[in-house]
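Colleague: Chains as they are written, first to last, in the numbering used here: chain Y, 1 to 265; chain U, 1 to 260.
Derived by calculation from the structure, the hints in this document are not laboratory data. Quantities reported herein were computed from a predicted structural model and do not represent experimental measurements. We put the CB at the ideal spot given by N, CA and C, even for glycine. You may find that some hints are simply not true.
Not close to chain U: a few residues of chain Y, all C-beta gaps over 12 Å, as computed [said to hold, decoys possible]: (1) Met19; (2) Met51; (3) Leu241.
Restraint ranges, calculated between C-beta atoms of paired labels, are given here [what the hints assert, rightly or not]: (4) Phe92/U to Glu3/Y: 25 to 31 Å; (5) Ser134/U to Val243/Y: 48 to 54 Å; (6) Gly21/Y to Leu127/U: 44 to 50 Å; (7) Ala246/U to Leu8/Y: 54 to 60 Å; (8) Lys229/Y to Leu127/U: 32 to 38 Å; (9) Arg49/U to Gly21/Y: 53 to 59 Å; (10) Gly219/U to Ser61/Y: 32 to 38 Å.
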Amino acid sequence: MAELTRALRLYWRLQRAAMRGAMQYRLNTVIGILTGAVYQGSGFAFIWVIMHTFPSMAGWSLPQIAFLYGMRLTAHALCMLPLSSLIGIDWLVREGEFDRILLRPLNPLVQVMAKRMGVGQLGDLLVGVVLLAVAGGAAGIAWTPGLLAFCAAAVVGGALVEAAFFLALSSTALRMLDTFALRVFVDDVFSRFGSYPMSVFGGVTQWVLTFVLPVAFVAYVPATVVLGKAVVPLAYASPLLGVALFAVAYRIWAGQLRHYQSVGA
Amino acid sequence: MIRSLRGMARIGLRFQFAYRSEVVLTSLTLIAQVFLLRMVWTAVYGERRQAADLTLEQLLAYLTLANLQTFATMPVITRLAHFRIRTGTVFFDLARPVGYLPQMAAFQAGHTAGALLLLSPVVPVVLLVGSITSTSHALPYAVALALGYVIGLLMALLICLIGFWTMETGAISLLYRLVSQFFAGTMVPLSFFPGALGVLADALPFKYLGYVPAAIYVGRLSSAEIARALLVELAWIAALWALLWALWRLAHRRVVINGG
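Generate the whole structure from the sequences, applying the supplied hints.
Modeller: Given below as structure tokens:
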């Protein structure tokens with residue numbers, strides 16, 4: 001426990017340094033945040049334009065889909081804000097930079113995480129939270145403190161589901177396996193398909209997106225609970241899946257780390 | 001001059017082939033995109049036969065085509081110019097006896113040719129996923145698409161030139177890609193855009209990159225509308241060409257080479 005608090009304290013310090021670093025290029029930071037926001041905003045603009053003509057998508061109204069979209073996006077931002085530096089892990093390994101990380105007395109994952117600040121992800125977070133707040137009011141949800149707490153837990157759980165896949169795939173870079181392309185694709189599937197009611201896809205696709213690559217658990221399943229559309233009571237336990245998956249992913253990371261071989265640079 | 005441009009086009013083609021794995025990945029993304037659009041639109045149509053004058057079959061064919069088009073014609077030179085201006089290697093481009101803009105245009109043309117070659121095995125899969133039928137407007141479709149490609153190329157060259165002032169076009173070109181794809185109608189046909197958004201999309205040149213050719217293909221435009229669209233395309237090309245020429249005269253005088 002003492003180890004964990006120490007790691008968190010150091011992470012926070014390093015992250016603050018990264019933040020100061022990002023603010024040296026103020027304009028670039030602002031443009032980065034804006035681009036993140038526009039990127040996610042254009043995805044929602046698509047749904048908005050469609051639902052201008054069609055009032056319902058698989059039984060979901062526009063505010064309901066907006067809520068789902070906001071939940072997915074906030075979870076995505078919460079996942080990527082701390083983990084965005086992992087995107088460049090192939091490079092860290094190839095350039096021998098990772099050797100230096102292993103020499104320092106702090107958990108290597110924490111060190112990699114603290115390398116940079118995810119500027120674009122701040123834009124994602126902005127759009128996600130705004131959508132959640134606006135749609136949370138417009139979708140006619142009977143908010144109770146319990147439901148609010150569930151919603152917060154679900155967003156964190158969703159972030160952990162996505163983070164688990166991202167971390168597990170990233171850890172293969174420690175064995176010099178290039179999974180960069182695969183990671184981008186998986187991230188794309190999470191973003192692209194996660195923002196729609198799964199009933200839109202139906203059949204095999206819905207099954208795959210629920211049980212093989214559990215995109216459905218990032219936002220769809222918990223959103224059905226919040227919006228009163230849940231079909232199985234087990235949906236209430238959905239935030240726990242993220243915790244379990246992330247624990248497995250961390251084990252995978254630690255396992256790969258034991259087999260790390262330096263490039264010898 | 002022609003020979004050196006052909007050389008540039010060849011480099012563009014090789015550049016495309018050097019990143020094969022990236023192409024495989026983006027092809028997968030393209031298939032996922034078309035599949036997603038098919039599912040979403042089928043769900044919203046539900047029992048409806050028609051919306052905004054389009055049947056579901058027409059719409060799916062339209063979307064498949066529009067996505068294939070934008071994917072194949074995606075500009076690469078904005079990325080290239082960004083990199084070469086930032087690192088100062090743009091000096092070598094400027095020192096060549098052939099104009100900078102013709103070089104870039106030739107490179108892009110070669111790159112697109114490479115994309116078409118690499119895309120050919122994917123096309124059947126995309127067509128299958130997106131469901132598409134043959135057309136009776138093949139010729140006007142091809143002409144509209146070719147002119148649209150020139151419009152897209154000229155706009156990409158404009159973005160490249162902006163780099164001579166700002167040095168940094170990474171964010172601008174990403175923004176350009178997002179905005180142009182949205183207004184090209186790759187996810188929603190322009191006929192669905194409501195009110196002011198529809199007016200804006202109709203006025204911007206982006207629709208010639210996606211919506212107009214694809215709408216001609218599925219028989220959504222009448223002969224008079226097609227003729228008018230082709231004329232407006234020519235006018236856009238003339239206007240963008242003039243703008244590009246004027247901007248280039250200013251840009252090459254203010255070249256700053258990074259890194260000496």
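Colleague: Now, for every hint given, state plainly whether the structure supports it.
Modeller: Hint check results:
1. Met19: 19 Å, holds
2. Met51: 8 Å, violated
3. Leu241: With a cut-off of 12 Å, Leu241/Y remains clear of chain U, as the shortest Cβ separation is near 23 Å.
4. Phe92/U to Glu3/Y: 25 to 31 Å: 53 Å, violated
5. Ser134/U to Val243/Y: 48 to 54 Å: Given about 53 Å between the Cβ atoms, the range holds.
6. Gly21/Y to Leu127/U: 44 to 50 Å: Because 48 Å falls inside the window, the suggested range holds.
7. Ala246/U to Leu8/Y: 54 to 60 Å: 57 Å, holds
8. Lys229/Y to Leu127/U: 32 to 38 Å: 35 Å, holds
9. Arg49/U to Gly21/Y: 53 to 59 Å: Given a distance of about 57 Å, which is inside 53 to 59 Å, the answer is holds.
10. Gly219/U to Ser61/Y: 32 to 38 Å: 33 Å, holds
Violated hints for the displayed structure, listed by number in ascending order: 2 and 4.
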